[in-house]
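A.B. asks: Respectively, the protein sequence lines represent chains A and B.
Anchor point for the first sequence: position 169 equals 168 in numbering that gives the first Met the number 0, and the numbering is continuous, going up by one each time.
Anchor point for the second sequence: position 203 equals 202 in numbering that gives the first Met the number 0, and the numbering is continuous, going up by one each time.
None of these hints come from the bench; they were simulated from the model.
Careful: at least some of the hints might be erroneous.
Part of the chain B face toward chain A, derived, beta carbon under 7 Å [to be verified]:
1) Cys32
2) Leu76
3) Thr79
4) Ala83
5) Ala89
6) Pro109
7) Val113
8) Ala177
9) Ser180
10) Phe186
11) Leu189
12) Leu193
Now the in silico label distances, taken between C-beta atoms and shown as ranges [what the hints assert, rightly or not]:
13) Asp168/A to Asn67/B: 41 to 49 Å
14) Pro70/A to Arg99/B: 54 to 62 Å
15) Ile88/B to Gln88/A: 23 to 31 Å
16) Asp1/A to Lys127/B: 55 to 63 Å
17) Asp168/A to Val5/B: 17 to 25 Å
18) Val131/B to Gln88/A: 30 to 38 Å
19) Asn2/B to His63/A: 56 to 64 Å
20) Trp128/A to Thr7/B: 21 to 29 Å
21) Lys127/B to Leu65/A: 33 to 41 Å
22) Leu15/B to Gly156/A: 36 to 44 Å
23) Phe173/B to Val73/A: 26 to 34 Å
24) Lys94/B to Gly192/A: 25 to 33 Å
Since the structure is predicted, the reported quantities are computational estimates derived from the model, not experimental observations.
Glycine included, every Cβ here is placed at the ideal spot set by N, Cα and C.
Listed here are the chains, written in short residue letters.
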Amino acid sequence: MDTLSILLMGFISIVVVNNLVFTKFLGICPYLGVSGRIDMAFGMGLAVTFVVTLSGTLTWLIDHLLLIGTPLEVTRYVCFILVIAGAVQLVEMYLRKFFPSLYESFGIFLPLITTNCAILGLCLFINLWGINSLLEAVVLSFGAGIGFTMAICIMAGIRENLDLADVPDCLKGAPITLITAGLLAMAFMGFAGMIR
Amino acid sequence: MTNSNVKTARYWQTLLAGLWRENPVFRLLLGMCPTLAVTAAVKPALTMGCCVIFVLICSNIIVSLMRNLLKPHLRILMFTLTIATFVTIADLFLKAFVPRMSETLGPYVPLIIVNCIIICRAEACASKNPLVVSVIDALGMGVGFTVTLCVLAAIRELLSTGKIFEAQLMPDAFVPWAAMSMPVGAFITLGLMLGLVNIVAGRKA
Numbered sequence: 000m001d002t003l004s005i006l007l008m009g010f011i012s013i014v015v016v017n018n019l020v021f022t023k024f025l026g027i028c029p030y031l032g033v034s035g036r037i038d039m040a041f042g043m044g045l046a047v048t049f050v051v052t053l054s055g056t057l058t059w060l061i062d063h064l065l066l067i068g069t070p071l072e073v074t075r076y077v078c079f080i081l082v083i084a085g086a087v088q089l090v091e092m093y094l095r096k097f098f099p100s101l102y103e104s105f106g107i108f109l110p111l112i113t114t115n116c117a118i119l120g121l122c123l124f125i126n127l128w129g130i131n132s133l134l135e136a137v138v139l140s141f142g143a144g145i146g147f148t149m150a151i152c153i154m155a156g157i158r159e160n161l162d163l164a165d166v167p168d169c170l171k172g173a174p175i176t177l178i179t180a181g182l183l184a185m186a187f188m189g190f191a192g193m194i195r
Numbered sequence: 000m001t002n003s004n005v006k007t008a009r010y011w012q013t014l015l016a017g018l019w020r021e022n023p024v025f026r027l028l029l030g031m032c033p034t035l036a037v038t039a040a041v042k043p044a045l046t047m048g049c050c051v052i053f054v055l056i057c058s059n060i061i062v063s064l065m066r067n068l069l070k071p072h073l074r075i076l077m078f079t080l081t082i083a084t085f086v087t088i089a090d091l092f093l094k095a096f097v098p099r100m101s102e103t104l105g106p107y108v109p110l111i112i113v114n115c116i117i118i119c120r121a122e123a124c125a126s127k128n129p130l131v132v133s134v135i136d137a138l139g140m141g142v143g144f145t146v147t148l149c150v151l152a153a154i155r156e157l158l159s160t161g162k163i164f165e166a167q168l169m170p171d172a173f174v175p176w177a178a179m180s181m182p183v184g185a186f187i188t189l190g191l192m193l194g195l196v197n198i199v200a201g202r203k204a
């Protein structure tokens with residue numbers, strides 16, 4: 000029961016309280032780029048969720064089995080980025096083989112997941128927070144993906160309506176998106192201090 | 000003689016492009032994560048800028064030197080590995096000599112690896128151009144990025160604490176806007192600055 004509540008708390012904390020997009024500024028680039036339409040945003044969110052869960056788990060394993068306590072620790076960042084690039088490649092191959100239509104609709108965004116800072120950021124945060132159980136690492140990485148999906152879908156929903164709004168010319172596009180994100184971040188500040 | 004003049008003019012153009020016409024943050028919308036995350040105060044912003052300049056120049060040198068050996072499908076991987084190596088160097092340097100600053104910046108130093116500016120410059124410039132042009136381009140882009148970061152940080156620090164670099168600039172009656180040092184302040188300040196840049200750029204054109 001105790002383990003379960005820790006896991007549940009960790010999950011809620013990473014999804015709403017420490018949401019990577021709104022409190023840690025991770026994954027802003029795809030957030031600005033893909034959040035135009037809600038179905039694209041959802042697909043992107045799912046792909047990121049998969050990659051982040053896979054790479055979060057793998058980097059935790061590599062970190063704890065190979066790196067910590069050895070001189071190899073210096074190569075941590077190189078290892079992490081290699082794992083992420085590999086995971087993205089795997090997803091790409093899998094999608095191309097089994098879901099070609101989905102693969103087509105992602106286009107260039109799929110390989111770009113490698114440079115999504117949310118993924119590397121989460122792997123680094125797991126290391127930084129000193130998470131030392133595999134199960135917790137898995138739950139946290141999955142929660143981070145869900146949090147990202149939620150943020151990008153909320154944004155896409157707002158932006159679809161924003162098309163109809165009368166925005167000043169100079170603020171059209173990225174500026175108004177950032178300001179909206181600011182207001183959303185303020186709303187999410189309401190969760191701060193709820194856990195941890 | 001004329002030939003070398005043309006060359007120098009081109010170098011200057013490349014250098015200045017990064018500062019305004021192709022400013023990475025305002026015009027290309029690259030590297031948003033560090034821009035938002037480390038600009039709560041000027042000092043971390045400046046440190047971050049210097050790290051980015053260092054990594055950008057080093058990776059552009061290496062990428063430019065090996066541009067003829069690159070295979071298309073392994074290109075991005077080679078870029079990221081090169082960048083990761085230099086980021087590790089910068090990170091260890093910060094940890095050794097300015098440990099407190101390294102703690103403030105936290106994971107945002109290793110996150111330079113996935114900073115789109117660096118990969119974008121490697122792809123768009125260094126993998127196609129000779130060494131000198133690549134280095135100059137890296138310098139221009141890096142300085143442009145640093146200046147932008149510092150301007151943003153100065154505005155946020157001034158409004159959230161009334162000081163810049165420990166120097167009190169606001170009158171005593173000024174009530175600090177705590178929200179400016181939080182994520183909200185970062186998003187909204189950057190949004191409004193982008194709007195402002197759009198107005199200025201629109202007027203010129």
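A.B. asks: None of the hints should be skipped; say for each whether it holds.
C.D. replies: The hints, checked one at a time:
no. : hint                            : in the structure
1   : Cys32                           : holds (5 Å)
2   : Leu76                           : holds (6 Å)
3   : Thr79                           : holds (5 Å)
4   : Ala83                           : holds (5 Å)
5   : Ala89                           : violated (10 Å)
6   : Pro109                          : holds (5 Å)
7   : Val113                          : holds (5 Å)
8   : Ala177                          : violated (11 Å)
9   : Ser180                          : violated (12 Å)
10  : Phe186                          : holds (3 Å)
11  : Leu189                          : holds (5 Å)
12  : Leu193                          : holds (4 Å)
13  : Asp168/A to Asn67/B: 41 to 49 Å : holds (45 Å)
14  : Pro70/A to Arg99/B: 54 to 62 Å  : violated (25 Å)
15  : Ile88/B to Gln88/A: 23 to 31 Å  : holds (27 Å)
16  : Asp1/A to Lys127/B: 55 to 63 Å  : holds (58 Å)
17  : Asp168/A to Val5/B: 17 to 25 Å  : violated (38 Å)
18  : Val131/B to Gln88/A: 30 to 38 Å : holds (34 Å)
19  : Asn2/B to His63/A: 56 to 64 Å   : holds (59 Å)
20  : Trp128/A to Thr7/B: 21 to 29 Å  : violated (51 Å)
21  : Lys127/B to Leu65/A: 33 to 41 Å : holds (37 Å)
22  : Leu15/B to Gly156/A: 36 to 44 Å : holds (41 Å)
23  : Phe173/B to Val73/A: 26 to 34 Å : violated (46 Å)
24  : Lys94/B to Gly192/A: 25 to 33 Å : holds (30 Å)
This entry does not satisfy hints 5, 8, 9, 14, 17, 20, 23, going by the numbered hints stated previously.
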